[in-house]
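The sequence shown begins at 1 in the numbering used here and counts up one residue at a time.
Hint data in this document are derived by calculation from the structure and do not stem from the laboratory. In this text, all values refer to a predicted model and were calculated from it rather than measured experimentally. Cβ atoms here follow ideal geometry from the backbone N, Cα and C, with glycine treated the same way. Hints should not be assumed to be uniformly reliable.
Unchecked claim - Pairs of lysine-lysine, BS3-like flavour, derived with a Cα cap of 27 Å:
no., residue 1, residue 2
1, Lys173, Lys195
2, Lys70, Lys127
3, Lys125, Lys195
4, Lys173, Lys125
5, Lys311, Lys70
6, Lys48, Lys125
7, Lys274, Lys230
8, Lys178, Lys195
9, Lys48, Lys36
10, Lys125, Lys178
11, Lys70, Lys48
12, Lys36, Lys308
13, Lys311, Lys274
14, Lys274, Lys313
As the list claims (entries may be wrong) - Ranges of calculated distance between the beta carbons of each label pair, as one might list FRET restraints:
no., residue 1, residue 2, range
15, Lys48, Pro96, 14 to 22 Å
16, Arg269, Arg33, 45 to 53 Å
17, Leu126, Glu303, 47 to 55 Å
18, His236, Gly39, 12 to 20 Å
19, Gly39, Lys127, 52 to 60 Å
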Amino acid sequence: MTNPTPAGPEKRALRIGTRGSELALWQAHTVQRLLKEQGIGTEIEIIKTRGDRIDDVPFSKLEGKGFFTKELEDAQLEGRVDFAVHSLKDLTTEEPPGLTLAAMIGREDPREILLARPGAIDEEKLKAGEILPLIQGANLGTSAARRQAQAHLLRPDLEILDLRGNVPTRVQKLRDGKYDAILLARAGILRLELKLDDLAAIPLDVDRFVPPPAQGMLGIQCRDEAILVKTLQSLHCPVDGSAVGAERLLLQRLDGGCQLPFGVNIRSRDNDWKLELFLAENSEGGSALRLCLTGDSPLAVAEQAWQKVQKHKRSLR
């Protein structure tokens, strides 16, 4: 006996699953507004994930994947919500049976941003255009292995400290003097419209500091039911989605998650597509690979990169 397909959007409000952070709620409300413009009613259901409950342990110490998504996926499969809105960079490339990624929408600036207390900036390094213009021996807060690896390679003198919490919490920890500087996704800062007048704020270009796959993109995941998928696919952004899809393809082939020191960004440039890639063996930046490639489509440039990644991995055996 199969479960009945839920009533369509014309018969009842669709239930949106989301985490409860300020940024997650911004994302859910954005999708709610887009669906309302199409005459589709929705309700928001807040679900706490493992990553929310355990916010004092570095990612490197957590086992498994889906720290911020599994409970949202369970809620969909159990019928408590109809779909979930994710920061797509948090969503694994392995879809649980019965769920599908229906739409990728709203890619914001994918760059990382360096936030620092004013006294932590070395003005000479800043004038010289250094990517991390911090004073000698400054401490830098981030728990992402990819950020740690790139920071170690760029500035081996820095002390890298773990940093957890939602975006406003991390910024407040910086203001409280627990760190000299921190690294964040610029998309979250822009979406929350955070005031940073008291801090140095330096966006890091993707060709110098590579962000994670799908950074800045929202993902809408739902049960694999025809009416539901069709409704949500109307929000899909095909151009940005093709680039992010190719980024996630590389992540899938590497079988990676939050703990993998891997970054990739694919973007349109004139008549071509440009890829920036970073891959290391560990959070210290060991055996790092750095690629900058161009191709005539996101998939083509991703395939070029994959061939070079495979060659690099063979050379390390």
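Straight-line Cα separation of Lys178 and Lys195 no greater than 27 Å?
holds (19 Å)
For the pair we were handed, Lys274 and Lys313, check the Cα-Cα distance against 27 Å.
Holds, at roughly 22 Å.
For the pair supplied as a hint, Lys70 and Lys48, confirm whether the alpha-carbon distance does not exceed 27 Å.
holds (10 Å)
Compare the distance between the alpha carbons of Lys274 and Lys230 with 27 Å, and conclude whether the hinted pair is satisfied.
With Cα atoms ~31 Å apart, Lys274 and Lys230 exceed 27 Å; violated.
Keeping to a limit of 27 Å between CA atoms, is the pair of Lys311 and Lys70 held or broken?
violated (33 Å)
45 to 53 Å was suggested as the range; check whether the CB atoms of Arg269 and Arg33 agree with it.
violated (31 Å)
Are the Cα positions of Lys48 and Lys125 separated by 27 Å at most?
The given pair, whose Cα atoms are some 42 Å apart, is violated under the 27 Å limit.
Distance restraint between Lys125 and Lys178, which requires alpha-carbon spacing of 27 Å or less:
holds (23 Å)
Is Lys173 close enough to Lys195, meaning Cα to Cα at most 27 Å?
With Cα atoms ~15 Å apart, Lys173 and Lys195 stay inside 27 Å; holds.
Evaluate the given range 12 to 20 Å for the C-beta pair formed by His236 and Gly39.
Since the Cβ atoms of His236 and Gly39 sit about 18 Å apart, the hinted range of 12 to 20 Å holds.
Taken at face value, is the distance from the CA of Lys274 to the CA of Lys311 at most 27 Å?
holds (20 Å)
Go ahead and decide if the range 52 to 60 Å is satisfied by the Cβ distance of Gly39 to Lys127.
Given about 54 Å between the Cβ atoms, the range holds.
Checked against the numbered hints given earlier, the structure breaks hints 2, 5, 6, 7, 12, 16, 17 and satisfies all the rest.
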